[in-house]
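Undergrad: Line by line, the protein sequences give chains A and B. Note that the working numbering gives residue 122 to position 122 of the first sequence, counting from 1, and the numbers run on in steps of one. Note that the working numbering gives residue 98 to position 98 of the second sequence, counting from 1, and the numbers run on in steps of one.
Hints should not be assumed to be uniformly reliable.
All copies of an identical chain are treated as equivalent in the list; a pair is satisfied when it fits inside any one copy or across any two copies.
Claimed, not checked - In silico DSSO-like links for lysine-lysine, alpha-carbon gap of 30 Å or less:
1. Lys48 <-> Lys127
2. Lys8 <-> Lys48
3. Lys149 <-> Lys8
4. Lys48 <-> Lys149
5. Lys34 <-> Lys149
Since the hints were made in silico from the structure, they are not lab data. Note that the coordinates shown come from a computational prediction; the quantities given were computed from them, not determined experimentally.
Residues per chain are reported as follows:
There are 2 protein chains.
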Amino acid sequence: MKIGERWKRAFELSRKRITPSRKAIVEVLEEQRKHLSAEEIYSCLREKHKKVGIATVYRNLELLSQMGIVHRVNFGDGKEHYEIARIPALHHHHLVCTVCGRVIDYQDFRKEEHEFMEGLGRVLETKYDFLIQSHQLYFYGICKDCRLKEVGE
Amino acid sequence: MKIGERWKRAFELSRKRITPSRKAIVEVLEEQRKHLSAEEIYSCLREKHKKVGIATVYRNLELLSQMGIVHRVNFGDGKEHYEIARIPALHHHHLVCTVCGRVIDYQDFRKEEHEFMEGLGRVLETKYDFLIQSHQLYFYGICKDCRLKEVGE
DNA sequence: CACCAAATGATAATAATTCTCATTATCACG
DNA sequence: CGTGATAATGAGAATTATTATCATTTGGTG
Chain A
1 MKIGERWKRA FELSRKRITP SRKAIVEVLE EQRKHLSAEE IYSCLREKHK
51 KVGIATVYRN LELLSQMGIV HRVNFGDGKE HYEIARIPAL HHHHLVCTVC
101 GRVIDYQDFR KEEHEFMEGL GRVLETKYDF LIQSHQLYFY GICKDCRLKE
151 VGE
Chain B
1 MKIGERWKRA FELSRKRITP SRKAIVEVLE EQRKHLSAEE IYSCLREKHK
51 KVGIATVYRN LELLSQMGIV HRVNFGDGKE HYEIARIPAL HHHHLVCTVC
101 GRVIDYQDFR KEEHEFMEGL GRVLETKYDF LIQSHQLYFY GICKDCRLKE
151 VGE
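Full structure from sequences and hints, please.
TA: The following block contains the structure:
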């Protein structure tokens, strides 16, 4: 099934209404295919002449996160970011530079990672009686540019 | 070496001053051994009759994070949390309930995880020219209590 | 022990997010 | 295919976390 249609079914199942705002927000996240802040999503909507209030953007991002349709990610820069939840095979994670805040998305080791996380996840589910729906992996460090700058100081 | 002493050496090396505020903040995080918000740390300090301004708490948590003495963690509840950085063998991660926000710390699979992350980290370092200093793993899902409540509705 | 850059405290300012409430729109049901 | 109950929305106020400002204090080097 097309990724773009999956969320509609999820909405019907959870008895949430399919509204123009919700459609538009999912659309933006699908088109951009990267992590955006609420404000950035709001800007994209305005560019597309979709009239959606900022409060609605926040409300629906919260809802979509809870439904597992988008993932909320945080890079320690003071705001939340949101990205469309991909199918596991396209799952990706983040490398965050602790100096400049730059974020690199990577999707290496997908198969190995998937297997490892599956195993770890199953143990945690049993041990802590917790239904696991997703996971996120962050690596923190210093990017090339910042390392070069530091030396120059 | 006692964990409680390691940070002093790090301070000397990076030419940062060892001040009562900094000592007190590290002390709180060591005693509590769990993730605390800036405000919670501030409260602990007041309870211990250590007079440290909230701005100083924030400033020093930022500094300690950059120095790798504390880890900044985020559970999507609108604020940052901080915990003392343990030695790798005690490294732990988090299970976050997306319904009630409850966070469970776990430290299972330490050895396997360490090996897996080492391997993945090395590949990423080379591929993206990025010096990796730490990593964090979050599992998201629904805790036992919230699952039981949902059924009852 | 004096000096000076670094650190601090108090508080103002900012930025992100949530709340309020009157209005509008979805969709289940007839 | 209306229609009504109820969910969703918009606009802006309110709240919360965090950062900036700046006058004052302090750590630690020489």
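Undergrad: Work down the list of hints and note, for each, if the structure agrees.
TA: Structure-based check of each hint:
1. Lys48 <-> Lys127: neither (47 Å within a copy, 36 Å between copies)
2. Lys8 <-> Lys48: within (21 Å within a copy, 53 Å between copies)
3. Lys149 <-> Lys8: between (47 Å within a copy, 25 Å between copies)
4. Lys48 <-> Lys149: neither (39 Å within a copy, 40 Å between copies)
5. Lys34 <-> Lys149: within (27 Å within a copy, 34 Å between copies)
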